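Next come the chains, spelled out residue by residue.
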Amino acid sequence: GEDVEQSLFLSVREGDSSVINCTYTDSSSTYLYWYKQEPGAGLQLLTYIFSNMDMKQDQRLTVLLNKKDKHLSLRIADTQTGDSAIYFCAEIPNDYKLSFGAGTTVTVRA
Amino acid sequence: NAGVTQTPKFQVLKTGQSMTLQCAQDMNHNSMYWYRQDPGMGLRLIYYSASEGTTDKGEVPNGYNVSRLNKREFSLRLESAAPSQTSVYFCASSEASGTGAHEQYFGPGTRLTVT
Numbered sequence: 001g002e003d004v005e006q007s008l009f010l011s012v013r014e015g016d017s018s019v020i021n022c023t024y025t026d027s028s029s030t031y032l033y034w035y036k037q038e039p040g041a042g043l044q045l046l047t048y049i050f051s052n053m054d055m056k057q058d059q060r061l062t063v064l065l066n067k068k069d070k071h072l073s074l075r076i077a078d079t080q081t082g083d084s085a086i087y088f089c090a091e092i093p094n095d096y097k098l099s100f101g102a103g104t105t106v107t108v109r110a
Numbered sequence: 001n002a003g004v005t006q007t008p009k010f011q012v013l014k015t016g017q018s019m020t021l022q023c024a025q026d027m028n029h030n031s032m033y034w035y036r037q038d039p040g041m042g043l044r045l046i047y048y049s050a051s052e053g054t055t056d057k058g059e060v061p062n063g064y065n066v067s068r069l070n071k072r073e074f075s076l077r078l079e080s081a082a083p084s085q086t087s088v089y090f091c092a093s094s095e096a097s098g099t100g101a102h103e104q105y106f107g108p109g110t111r112l113t114v115t
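Just so you know, the protein sequences line up as chains V and E, in that order.
Each step along the first sequence adds one to the number in the numbering used here, with nothing skipped, and position 40 is 40.
Each step along the second sequence adds one to the number in the numbering used here, with nothing skipped, and position 40 is 40.
Note that these hints are calculated values from the structure, not bench results.
Honestly, I wouldn't trust all of these hints.
Said to hold, decoys possible - Straight-line Cα separation of at most 35 Å, DSBU-like style, residue types lysine-lysine; simulated pairs:
id, chain 1, residue 1, chain 2, residue 2
1, V, K97, E, K14
2, V, K56, E, K71
3, V, K36, E, K14
4, E, K57, V, K36
5, E, K9, V, K36
6, E, K14, E, K57
7, E, K71, E, K14
8, V, K70, V, K36
9, V, K36, E, K71
10, V, K97, E, K71
11, E, K57, V, K70
12, V, K67, E, K57
13, V, K68, E, K71
14, E, K57, V, K56
15, E, K9, E, K57
16, E, K9, E, K71
17, V, K68, V, K56
This structure is a prediction, so every number in the text was calculated from the model and none was measured.
Sequences and hints are given; from them, build the entire structure.
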């Protein structure tokens with residue numbers, strides 16, 4: 001979706017932190033989402049953040065939201081090989097229709 | 001619960017052939033969606049159905065039709081397949097959670113090649 005932008009690739013060493021960044025355009029989005037897609041599978045909801053929050057933490061995942069700059073990030077602490085996947089940022093600018101970024105392919109190297 | 005199921009998993013068509021992709025969900029969700037996924041473009045919405053009996057166009061509806069057969073099932077039809085429709089197709093369903101967030105659940109996808 002052209003309204004949500006992400007970098008396409010990220011390579012990270014096992015055990016390090018990964019940070020995936022996303023910018024979005026519609027300031028009326030109530031929620032912003034992160035999805036994970038493993039090879040050959042559908043998308044799985046990882047986490048979401050309400051637009052009036054700055055941060056949300058869920059185990060190894062931390063979501064940061066800068067509403068002024070329309071910038072969203074996902075931090076994965078202690079990245080593992082099982083975290084290798086494509087990560088999608090998404091917003092809902094209208095009704096129930098999610099608008100997705102192109103996805104960031106995260107590769108975890110030993 | 002099986003969640004969202006899609007059939008077939010793989011399909012090869014010749015240009016001009018038609019086919020229907022099937023999707024079913026057992027979560028009693030009102031909203032259902034069809035997306036296509038192409039490299040470097042993320043997911044693009046083809047059609048969606050906010051509730052049984054209603055359908056609406058998404059971002060890329062040309063060349064497709066849909067039917068919301070009942071609350072469980074939402075099918076996508078290609079009447080005359082074109083090579084540009086080679087893609088991975090995902091069905092999804094959603095319902096507002098207790099927090100108000102719309103959590104979408106995705107099927108495993110159908111990999112379609114049109115030659």
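Do the hints match the structure? See the list:
no., hint, verdict
1, V/K97 x E/K14, "holds, 31 Å"
2, V/K56 x E/K71, "holds, 34 Å"
3, V/K36 x E/K14, "holds, 32 Å"
4, E/K57 x V/K36, "holds, 25 Å"
5, E/K9 x V/K36, "holds, 20 Å"
6, E/K14 x E/K57, "holds, 25 Å"
7, E/K71 x E/K14, "holds, 32 Å"
8, V/K70 x V/K36, "holds, 21 Å"
9, V/K36 x E/K71, "holds, 27 Å"
10, V/K97 x E/K71, "holds, 18 Å"
11, E/K57 x V/K70, "holds, 27 Å"
12, V/K67 x E/K57, "holds, 29 Å"
13, V/K68 x E/K71, "violated, 39 Å"
14, E/K57 x V/K56, "holds, 33 Å"
15, E/K9 x E/K57, "holds, 24 Å"
16, E/K9 x E/K71, "holds, 22 Å"
17, V/K68 x V/K56, "holds, 17 Å"
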